[in-house]
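Q: Once you've looked at the hints, go ahead and assemble the two chains, each given alone in its own frame, into the complex.
Respectively, the protein sequence lines represent chains A and B. At the far end of the first sequence sits residue 311, using this note's numbering, and the numbering has no gaps. At the far end of the second sequence sits residue 311, using this note's numbering, and the numbering has no gaps.
The set of hints was computed from the structure by calculation and includes no laboratory data. There may be inaccurate statements among the hints.
Stated by the list, open to error - Within a straight-line C-alpha distance of at most 25 Å, the following computed DSS-like cross-link-like pairs (lysine-lysine) qualify:
1) B:Lys20 / A:Lys245
2) B:Lys18 / B:Lys102
3) A:Lys245 / B:Lys68
4) B:Lys203 / B:Lys68
5) B:Lys120 / B:Lys18
6) B:Lys102 / B:Lys91
7) A:Lys156 / A:Lys65
8) A:Lys245 / B:Lys10
9) A:Lys245 / B:Lys200
10) A:Lys200 / A:Lys156
11) B:Lys53 / B:Lys192
12) B:Lys203 / B:Lys20
13) A:Lys260 / A:Lys245
14) B:Lys102 / A:Lys245
15) B:Lys53 / B:Lys120
Claimed, not checked - Output of the computed footprint for chain B on chain A, the stretches with three or more beta carbons under 8 Å from beta carbons of chain B:
16) 87–93
17) 102–111
18) 297–305
All C-beta atoms in this analysis are idealised placements derived from N, C-alpha and C, irrespective of residue type, glycine included.
Single-letter residue listing:
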Amino acid sequence: MRETVLEFELPVGETYKIFRNRIEPQTQINSPGRLSIVSGTHGDELEGQYICYEVARRISEAPEKLMGIVDIYPALNPFGIDMASKNNPLYNADMNRTFPGSAGGNLMDRVSSGIVESLAGSDLVLDIHASDIFVREIPQVRLAEEFAEGLLPFAKLTNADMIWMNATATVHESTLAHSMNIMGVPTLVIEMGQGHQINKPYGDQIVDGIFNILCELGMWMGQRPRTHLPAISSDGSVEFIRSEKAGIFIPLTEHNHFVKAGDVIGEILDPFSGGEPLRIVTQQSGLLFTQRIYPVVSEGDLLARILTGAF
Amino acid sequence: MEREDIYTFKSTYRQDMKVKGFRFGSGQRAACIVGPTRGRENQQLYICGRLVKTLEELEKSGAIANDKEILVIPCANYYAFNLENNFFGVKNLDINRCFPGKTGGEPISRLAGGIYDRIKEYTYTIQFTSFFERSECVPHVRMMETEHTNSSLANLFGLPYVVVRRPLPIDTTTMNYNLQTESGNAFTIFTKETENIDEKAAKGAVSAVLRFLTRMGIIRYECHSGFISHMLYEDDLTDVYAGRGGLFRSKVVCGEDVRYGTKMAEILDPFDGSLREEITASTDGIVFFAHNSAMINQYETAFRMIHRLHE
Ligand SMILES: [Zn+2]
Numbered sequence: 001m002r003e004t005v006l007e008f009e010l011p012v013g014e015t016y017k018i019f020r021n022r023i024e025p026q027t028q029i030n031s032p033g034r035l036s037i038v039s040g041t042h043g044d045e046l047e048g049q050y051i052c053y054e055v056a057r058r059i060s061e062a063p064e065k066l067m068g069i070v071d072i073y074p075a076l077n078p079f080g081i082d083m084a085s086k087n088n089p090l091y092n093a094d095m096n097r098t099f100p101g102s103a104g105g106n107l108m109d110r111v112s113s114g115i116v117e118s119l120a121g122s123d124l125v126l127d128i129h130a131s132d133i134f135v136r137e138i139p140q141v142r143l144a145e146e147f148a149e150g151l152l153p154f155a156k157l158t159n160a161d162m163i164w165m166n167a168t169a170t171v172h173e174s175t176l177a178h179s180m181n182i183m184g185v186p187t188l189v190i191e192m193g194q195g196h197q198i199n200k201p202y203g204d205q206i207v208d209g210i211f212n213i214l215c216e217l218g219m220w221m222g223q224r225p226r227t228h229l230p231a232i233s234s235d236g237s238v239e240f241i242r243s244e245k246a247g248i249f250i251p252l253t254e255h256n257h258f259v260k261a262g263d264v265i266g267e268i269l270d271p272f273s274g275g276e277p278l279r280i281v282t283q284q285s286g287l288l289f290t291q292r293i294y295p296v297v298s299e300g301d302l303l304a305r306i307l308t309g310a311f
Numbered sequence: 001m002e003r004e005d006i007y008t009f010k011s012t013y014r015q016d017m018k019v020k021g022f023r024f025g026s027g028q029r030a031a032c033i034v035g036p037t038r039g040r041e042n043q044q045l046y047i048c049g050r051l052v053k054t055l056e057e058l059e060k061s062g063a064i065a066n067d068k069e070i071l072v073i074p075c076a077n078y079y080a081f082n083l084e085n086n087f088f089g090v091k092n093l094d095i096n097r098c099f100p101g102k103t104g105g106e107p108i109s110r111l112a113g114g115i116y117d118r119i120k121e122y123t124y125t126i127q128f129t130s131f132f133e134r135s136e137c138v139p140h141v142r143m144m145e146t147e148h149t150n151s152s153l154a155n156l157f158g159l160p161y162v163v164v165r166r167p168l169p170i171d172t173t174t175m176n177y178n179l180q181t182e183s184g185n186a187f188t189i190f191t192k193e194t195e196n197i198d199e200k201a202a203k204g205a206v207s208a209v210l211r212f213l214t215r216m217g218i219i220r221y222e223c224h225s226g227f228i229s230h231m232l233y234e235d236d237l238t239d240v241y242a243g244r245g246g247l248f249r250s251k252v253v254c255g256e257d258v259r260y261g262t263k264m265a266e267i268l269d270p271f272d273g274s275l276r277e278e279i280t281a282s283t284d285g286i287v288f289f290a291h292n293s294a295m296i297n298q299y300e301t302a303f304r305m306i307h308r309l310h311e
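The following block holds chain B by itself, in its conformation from the complex (with noise of 0.2 Å):
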């Protein structure tokens, strides 16, 4: 294992944020994986620090092929970590809405553009990030449509699921988006949890990687082959908004399987404990987007369902 500074933000007040890169094996640079831009991406974190301590011991054992090399980068932005602040510096940005970034520009663009510069090197790449909103998912794995995207491979992380995404304006500065729009191999995975730490949900995630590594022959690893992955859209998950603001006391969890008129959700008067709504599903299907905070504005989404699919 190597150990590198990827790229170092300096600061008069604080220590300089030196974001890291750990390599394995040597040659053709083969897969990238990158941690959290974010810092409340805990489980991000922790999936990333994982993967790092079994890929050093898989290198050991000599099992990561040869002329392949693996970059993993667990952290993007540890000041935010260190405040248990989600954005970065004074402005409060995000880093993953600067990228690609840009040499001679702002603070923010300079650190994403260090960054991607360095991620951009691989033919694979994976990163861990998180939905803006207070939520939980069902695991998956994520892509950009792009002219060049190649969803099949994405089933090869062996995760239930694969989610393709038709980009907006609003994801052309993220990360995943302009990695997949120049080489058409940017995964994005999504585990269940953010901010709490999932152990079954990390050991999953850590597999996921590692098969995929295994079967692009870039390291090799026994491991259970997964799940067939099932495919789909983000347009076709049917929302579910929430009619009414209140306390939300869900009554399902995310990846159940639920019949049209099961009760999903209370909504409640905060103050007298009166019902406001009750949330029952419009159609059969699975849940797959869970809101997981304690309140709910009106409007905000409650959950997303996969539309007539079963367990």
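So that you can see chain A by itself, here it is in the shape it has in the complex (with noise of 0.2 Å):
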């Protein structure tokens, strides 16, 4: 069922809204489990737009095999999403740095804390974010060291091809994930595919790990999924390359390929000439777990991740 969470009123002949498809178990369950699925913090970020329709879809095929809540908000970010923006139209701002706002605050503390406030409660909140428009990833966990001992159980059951702990900017302070979990109510975040796109097999493995997620709640009575689990890394483990010239890169592997030292990775070109391109090359082996997809780079545009060790 579509449920409001927040709105509030616009200059111009409209409200601004935020909803939740709120689906609930068909029998009467004393104190039933409760999963949220969020996404759509940043408006370029499609993929968990597909996973959302997918649990409610699943779920449809046999309501009555559900024992819990389930809470799906497609879209924290709802303008966002209209205008393909990263950031909250309305006020410019990443929302992911606006967390946990306040519920007497102005309007962007309002959003914040209304939706802090809806969260509350969840037993697992699942927070969907897609990569950027610039590089592709493969499904991850990424989770802060000071709460992995609540949330790696958890984690592994995603079917996220990797875990990467620590992965530095996604976990500062002012994101919803790090909130909700400060608040005690354990919160993962799940990146996966690129911006402005749908991968459907990412889509359906997270899916999958959703439902045996359910299912290890006591929340799903039918067949648990077959499932893997992840590859654990920390920062140590994970090689970054970054472009130290401007230009145009060409990428020479595949995505979620293995790669040796050496190997050359891509190269970065000048169109308005036809020198000699700078290679790319690995400093070690390992699985390409990040890559560009954006062509034009400036000095420090991430151009590939390596997940060594793990291997």
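A: Printed below as a string of structure tokens:
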């Protein structure tokens, strides 16, 4: 059932609303479990849209098997999705730097605090992001070491390919996940695919993980999907490869493939000349789990990340 | 006057952006003045340009103290000015959320780091910036409260107000916060306007900087002694939120002394002109901050008041 989480009045002829789709069990259950799935905090990340749909669709095929509450929030930043904008266009800020907000504050604070309040009481929150439009990612869970003890058991059930501990920027203090975890509501950040796109196989893989979690929480009486365990890595086992030159990046390897130390994974060329391109060579062997998609690069732009060690 | 390139951002499709510095005097690195990081801070850029001109004249007349050096960086992001964008680059990021920056990091992080490393060599740093919101405010000096904060030095600018802010996690990536944490002598000046140029406010801001430099013994300049600043904590301002969204018609101006019950603004239905809300003053006080766009959202900050203060 579509429910309004929060709303406020816009200047001209329109009301701003954030919705959730609440799916409840058909039979009366004493203190049912509750799983919340949120997405669309960044309006240019759309991978979660398919997941939100597919979870609801699979439940609707056998609603009698649901033994708890599933709350699905497809769009925490609805105008951002409508405008393909990462930031919330109403106040031009990254919403994932505005939590936990405050209920008596200004618009931005109230939006953030309204979301936090609505999610409070969940047994688990899954915050589904995509990568940006610049790099492609394999399905992965990112978590801060300080919450790892409580979150790792859930993270292992997600059917993601990788768990990345301490992925620095994404575990920032004013994120939704950090605010929820501080409150004692376990919250996992899932990151996958790329901006402006939907990778359906990745989506199906994570939806299997979500039903795996529902089974574990005793909220799903259907068959447990076949899943795999993610590789676990920390910052120390990830090699970042950044561009040291402005130009056009041409990848020469496939995403989600193994590379050996010394492999040329791409080159940077100058479209205004036919000169020798700059070859990008890996220092270490491992899984190329992040790959540059958007060709224009400046000095410092991320070209690839390689998961080393774990293999 | 000596010119230098503080940081060069290389581009394939535009001329490289060379962040420029203008140096006056020589010797001890006494004061650094930094202009806009956002491309719509026209007033702030205007102020910095005027400062460079004035300091050049003062240097010619021998008014810079012996063994004192002043650096002005009028603009940290002129790429954005030429597009009338606020933020930097294809990722549309706010440079003032990327400090202290990092040498081997993302492009914007390298840019912020390049500027930051040069600024932090100076004893006193003065930054011109603006509020995120569509607003105007009473001219003031702002400092972040850290263990080093010495707000009495901020009085030496002779502006009407000194505002001390208790930092939130969202502040920790601003230039001011990082400089303040390192040195304890980082000031931010907020002038009345942002996008439009206000001649009188610009003049006031230039005088405030010259007054401070004079009082710190960095220049010799005969100037009016300005105001004896009123010091307040930002938390003590009383926020007035719009109870409705609509067309915003303000009835008061920044700096105005209002009494309890004074009509401050009307919010109208833009289609039929009917009154949605009349905002009246809930306290006696001075209007410190005022929304200045024709449109307002429900719960957006309409005014911030200094409670119970009179002119
Ligand atoms: Zn995201």
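Q: All hints, please: hold or fail.
A: Comparing the hints with the structure gives:
1. B:Lys20 / A:Lys245: OK: lysine 20 of chain B and lysine 245 of chain A at ~22 Å, within 25 Å.
2. B:Lys18 / B:Lys102: Distance of about 18 Å is within 25 Å: holds.
3. A:Lys245 / B:Lys68: violated, 38 Å
4. B:Lys203 / B:Lys68: holds, 24 Å
5. B:Lys120 / B:Lys18: holds, 19 Å
6. B:Lys102 / B:Lys91: holds, 17 Å
7. A:Lys156 / A:Lys65: holds, 23 Å
8. A:Lys245 / B:Lys10: Given that 25 Å is the threshold and the Cα spacing comes to 8 Å, the pair holds.
9. A:Lys245 / B:Lys200: violated, 45 Å
10. A:Lys200 / A:Lys156: holds, 21 Å
11. B:Lys53 / B:Lys192: holds, 21 Å
12. B:Lys203 / B:Lys20: holds, 23 Å
13. A:Lys260 / A:Lys245: OK: lysine 260 of chain A and lysine 245 of chain A at ~23 Å, within 25 Å.
14. B:Lys102 / A:Lys245: holds, 17 Å
15. B:Lys53 / B:Lys120: holds, 23 Å
16. 87–93: holds (count 5)
17. 102–111: With 4 residues in contact (Cβ-Cβ under 8 Å with chain B), the coverage given for the region 102–111 of chain A holds.
18. 297–305: Holds, because 5 residues of the region 297–305 of chain A bring their Cβ atoms closer than 8 Å to Cβ atoms of chain B.
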